[in-house]
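Engineer: Since the structure of chain W is already known, use the hints to place chain X on it.
Protein sequence lines correspond, in order, to chains W and X.
The working numbering puts the first residue of the first sequence at 1, with every later residue one more than the last.
The working numbering puts the first residue of the second sequence at 403, with every later residue one more than the last.
Hints listed in this document are in silico derivations from the structure and should not be mistaken for laboratory results.
Incorrect hints may appear among the rest.
Unchecked claim - Derived contacts from chain W toward chain X, CB cut-off under 7 Å, selection only:
id: 1; residue: SER110
id: 2; residue: LEU111
id: 3; residue: GLY158
id: 4; residue: LEU161
id: 5; residue: PHE170
id: 6; residue: LEU308
id: 7; residue: LEU333
id: 8; residue: GLY334
Cβ coordinates follow ideal geometry from the N, Cα and C atoms, glycine included.
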Amino acid sequence: MNRRADAVVVGAGLAGSIAACRLAQAGAEVLLVAAGEGSMGLAPAWLDVLGRMSGPVSSPLAGMQSLPDSHPYARMGSGVVQEAVEFFSSLVSSLDYRGGLEDNMALPTSLGGRHLCAMAPPAMAAGNLDRAGSVAIVGIGAMRDFSACLVAQNLSAGGALSAQGVTVDFAGAGADLGNLDVARRIQEPKLRAQLGAEVLACIGGAERVGFPAVLGLGAHQEVVGDLERILGREVFEIATVPPSVPGLRLSSALAVLRRTLGVKEVIGARVTGFVPGPGGVGGLRVRAASRSQIYEADYFVIASGGVLGGGIEVGHQARSETILGLQIPEGPLGSLGVAVDNSLRPLGPSGDPVFQNVAFAGATVGGADPIGELSSQGICVATGYLAAEVVKAEVAKVARAK
Amino acid sequence: MTQALSADVLVIGGGSTGVGVAWEATRRGLSVILAERSNLAGGTSGRFHGLLHSGGRYVVSDPRSASECAAENKALRSIAPQAIEDTGGLFVSLEGDDPAYAEGFPLACERAGVEAVAMSPAEARSAEPAVNPGIQAAFWVPDASVDVWRLLGILSAQAAEGGAKILEHHEVVSFEQEGQRVLGARLKDSATGETRWVSAQVVVNATGAWSGRVAAMAGCEVEILASRGVMVAFADRLSHLAINRCIRPSDGDIVVPIRTVSVIGTTDVAVADPDDTTVAPEEVAAMVAAADQLIPGAGSARTLRAWAGVRPLYRPPGGAGSGATRTVSRAHALVDHATQDGVEAFVTITGGKLTTLRLMAEEAVDLVVAKIGLPATPAFVEALEEKPARPAYFRLPDALAHRESVWGGDRDAVVCECEGVLRSDVVALVAAARGRIGIGDLRRSLRVGMGPCQGGFCSYRCAGLIAEAAQAAEAVTEDLVEFWKERFKGTATVSFGAQARQEILDRWLYASPLAPPGEPVALP
Numbered sequence: 001m002n003r004r005a006d007a008v009v010v011g012a013g014l015a016g017s018i019a020a021c022r023l024a025q026a027g028a029e030v031l032l033v034a035a036g037e038g039s040m041g042l043a044p045a046w047l048d049v050l051g052r053m054s055g056p057v058s059s060p061l062a063g064m065q066s067l068p069d070s071h072p073y074a075r076m077g078s079g080v081v082q083e084a085v086e087f088f089s090s091l092v093s094s095l096d097y098r099g100g101l102e103d104n105m106a107l108p109t110s111l112g113g114r115h116l117c118a119m120a121p122p123a124m125a126a127g128n129l130d131r132a133g134s135v136a137i138v139g140i141g142a143m144r145d146f147s148a149c150l151v152a153q154n155l156s157a158g159g160a161l162s163a164q165g166v167t168v169d170f171a172g173a174g175a176d177l178g179n180l181d182v183a184r185r186i187q188e189p190k191l192r193a194q195l196g197a198e199v200l201a202c203i204g205g206a207e208r209v210g211f212p213a214v215l216g217l218g219a220h221q222e223v224v225g226d227l228e229r230i231l232g233r234e235v236f237e238i239a240t241v242p243p244s245v246p247g248l249r250l251s252s253a254l255a256v257l258r259r260t261l262g263v264k265e266v267i268g269a270r271v272t273g274f275v276p277g278p279g280g281v282g283g284l285r286v287r288a289a290s291r292s293q294i295y296e297a298d299y300f301v302i303a304s305g306g307v308l309g310g311g312i313e314v315g316h317q318a319r320s321e322t323i324l325g326l327q328i329p330e331g332p333l334g335s336l337g338v339a340v341d342n343s344l345r346p347l348g349p350s351g352d353p354v355f356q357n358v359a360f361a362g363a364t365v366g367g368a369d370p371i372g373e374l375s376s377q378g379i380c381v382a383t384g385y386l387a388a389e390v391v392k393a394e395v396a397k398v399a400r401a402k
Numbered sequence: 403m404t405q406a407l408s409a410d411v412l413v414i415g416g417g418s419t420g421v422g423v424a425w426e427a428t429r430r431g432l433s434v435i436l437a438e439r440s441n442l443a444g445g446t447s448g449r450f451h452g453l454l455h456s457g458g459r460y461v462v463s464d465p466r467s468a469s470e471c472a473a474e475n476k477a478l479r480s481i482a483p484q485a486i487e488d489t490g491g492l493f494v495s496l497e498g499d500d501p502a503y504a505e506g507f508p509l510a511c512e513r514a515g516v517e518a519v520a521m522s523p524a525e526a527r528s529a530e531p532a533v534n535p536g537i538q539a540a541f542w543v544p545d546a547s548v549d550v551w552r553l554l555g556i557l558s559a560q561a562a563e564g565g566a567k568i569l570e571h572h573e574v575v576s577f578e579q580e581g582q583r584v585l586g587a588r589l590k591d592s593a594t595g596e597t598r599w600v601s602a603q604v605v606v607n608a609t610g611a612w613s614g615r616v617a618a619m620a621g622c623e624v625e626i627l628a629s630r631g632v633m634v635a636f637a638d639r640l641s642h643l644a645i646n647r648c649i650r651p652s653d654g655d656i657v658v659p660i661r662t663v664s665v666i667g668t669t670d671v672a673v674a675d676p677d678d679t680t681v682a683p684e685e686v687a688a689m690v691a692a693a694d695q696l697i698p699g700a701g702s703a704r705t706l707r708a709w710a711g712v713r714p715l716y717r718p719p720g721g722a723g724s725g726a727t728r729t730v731s732r733a734h735a736l737v738d739h740a741t742q743d744g745v746e747a748f749v750t751i752t753g754g755k756l757t758t759l760r761l762m763a764e765e766a767v768d769l770v771v772a773k774i775g776l777p778a779t780p781a782f783v784e785a786l787e788e789k790p791a792r793p794a795y796f797r798l799p800d801a802l803a804h805r806e807s808v809w810g811g812d813r814d815a816v817v818c819e820c821e822g823v824l825r826s827d828v829v830a831l832v833a834a835a836r837g838r839i840g841i842g843d844l845r846r847s848l849r850v851g852m853g854p855c856q857g858g859f860c861s862y863r864c865a866g867l868i869a870e871a872a873q874a875a876e877a878v879t880e881d882l883v884e885f886w887k888e889r890f891k892g893t894a895t896v897s898f899g900a901q902a903r904q905e906i907l908d909r910w911l912y913a914s915p916l917a918p919p920g921e922p923v924a925l926p
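This is chain W alone, in the form it adopts within the complex:
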């Protein structure tokens, strides 16, 4: 039996979640289908909008004005990007994002570098390197993916602030800890009190204290609150390699929001193709467990990810988008994506839209170099938002016609 909704969204990552939530808020019946939970758990929860063009970008809003016309930001205009980011902030208001599009903040990396991003949750934003003063960087002995020594020495060498690296052991934790092991362990009040006391003994007069970004999952605010109380100073989180604990916090916050807003979802299902319909696509073939179904809708948002997320396949000869089978224009691996028009509809080789009722969003969209530009999350939020706006308008037209 086929399933039907006003709109089907493919992908449960940042772009798919934004699109689904926005549509559901507007009263559309939304069916979200995804192979997995998206790749938000890979990236720290910082919101990269535009951090680098030919050099570092100090203001994403200003930088956007000089992007080429084919860039997704240029297609939609900076006003829409701004609306999208505001929508994102208010949607995940529980995470209390700091910053904005006027100025980038410089946050420390796990190698003591400066990462330029527009917004970040408070515990990450507190690590802003443009604030003067001394910091202590705390490593946890058995944690494999963070070196306080590298972070502190490289930060100090930059000259802007003085950083001191200390490494403490997590009592009884064994010899090998991953990011999530520490994040779960630190949620135990007793264990974090012990850890806090150990840290306090070795940080001297440092004004702020940086930890790897593993300060709790669900109990993040309590963990940060307790540590700040014990240490008597501000605590911040430093982005780590995956799995990213702040990224997982964002991912679960969005999953809760999708459910609260009434998005129906099927996670763990593969979209294997499509059936034609009046606007181009009539339905998507979805394979979940052992059965195949067709999900019908008037409009489709495809946010199935880029090369990393599996929305684009790179073969020996050609590169293609995996659901509609669109050919991806040649280009560097980091810039591969579907060519779209200003309404995010996919374009054929002639430059005309090939499907009228499909909008692409997120890393599947071409025209950008998200890794080099430091624009990944910004593009996801902006295109996810715009895709929903386009579909909303179309759904409203259909409703009026009926």
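Structural biologist: Chain X in isolation, oriented as in the chain W frame:
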């Protein structure tokens, strides 16, 4: 200039040939200095497919090489079994391959002294289920795979114990000559930029594809045909046995299982510059297609990286004209420049194969000894004479069992999931080197960075451990970034499927959560 050094023998080149010569000369009691411009196996030796030849490849085209490989295969197994995996190998002929070649193969093997056991296609399929089921004929041969860094590590450590001085990152700047006699060489230390003077009774030029250039610096002539071969590594071991195609030597005729990967080799393209190790995408596609013929399914297996090595093919003076490089002998050559060019105390040993390194070393050192005589006491003969009843070959399951026995809990931590490297392994090496160690050295010793993630996660962990133990973060960070760039050089031509996803992840890691201070990492 730093202090002058002197020795009986100065060996130029730290590949398999040079390390072999240093080892053999030390064994015989000579004092030795070896100079290598990069690190041991930093040239062609570190860029081959890993096959310890049975000799079968050359029984028809080059019987002398075949016989030498057969004998030297046995010799290396007893000298350094820890560096060798006793995989065994197959020669198989596929549908469409010239049946006459396979028919003549057993007799050619017998004549060359290469052990080969004829098998029915069914027997071969049961010995190696991964092999193409359409094989027409099959022969078992004593192929093995060899970890070149481990092999040269063992030989150079034994030589060092016997008093040899191994100078990595020392390049020859010039030779010092008096009349028609070479007295030694000036070496430049690439770390400090200083030059040092080494005097020696004999200088042995063991610089492989570069030996023409080095000989010319002493006013001598050695004609080398530099022949580039491309190899592609798959992310898994595709077979248990090495699989050779039973045809005349040609492109993509061997798949070697080594450690956690399989390597398909190789091509044969003449190049003007021995440093030209470029890889063309068509060559990669051809290699992958060739592997798919030997092992169906290899064509869709995950590829890790592609690289090229430049073989030194020696052409004797007045030798054959400009034949194709495939037809030039793989045999080695020993040149006494006293007789050839009238230059005393200078010898070139070149050509040959990694498998025949011991024989090449023996012949070269025989010539050295004929020139300068032999001291009374050999240095470490005893270590060689002691041969265990069963050689202790490297076995992947043993290595994995050891890792599993110490992993987790309170005992140890994992640094590299792909290759099963433990924190204690890294810490021990860093301590032994007193901190003077880079991530590239850890890769060559422990294989960190050689698995599917190509260093994405383990390299940072290693950098942290090095920084904690010894070095300033700035130097470690610089080394880390160089390591990333070096790893990316080999992946550009194999960015398909799952490996393309990995490459994107690694690019993002180095640009975002692991971004170093200053300019972004410029990856190829």
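Engineer: Confirm or reject each hint.
Structural biologist: Going through the hints against the structure:
| no. | hint | in the structure |
| --- | --- | --- |
| 1 | SER110 | holds (5 Å) |
| 2 | LEU111 | holds (5 Å) |
| 3 | GLY158 | holds (5 Å) |
| 4 | LEU161 | violated (12 Å) |
| 5 | PHE170 | violated (12 Å) |
| 6 | LEU308 | holds (4 Å) |
| 7 | LEU333 | holds (6 Å) |
| 8 | GLY334 | holds (6 Å) |
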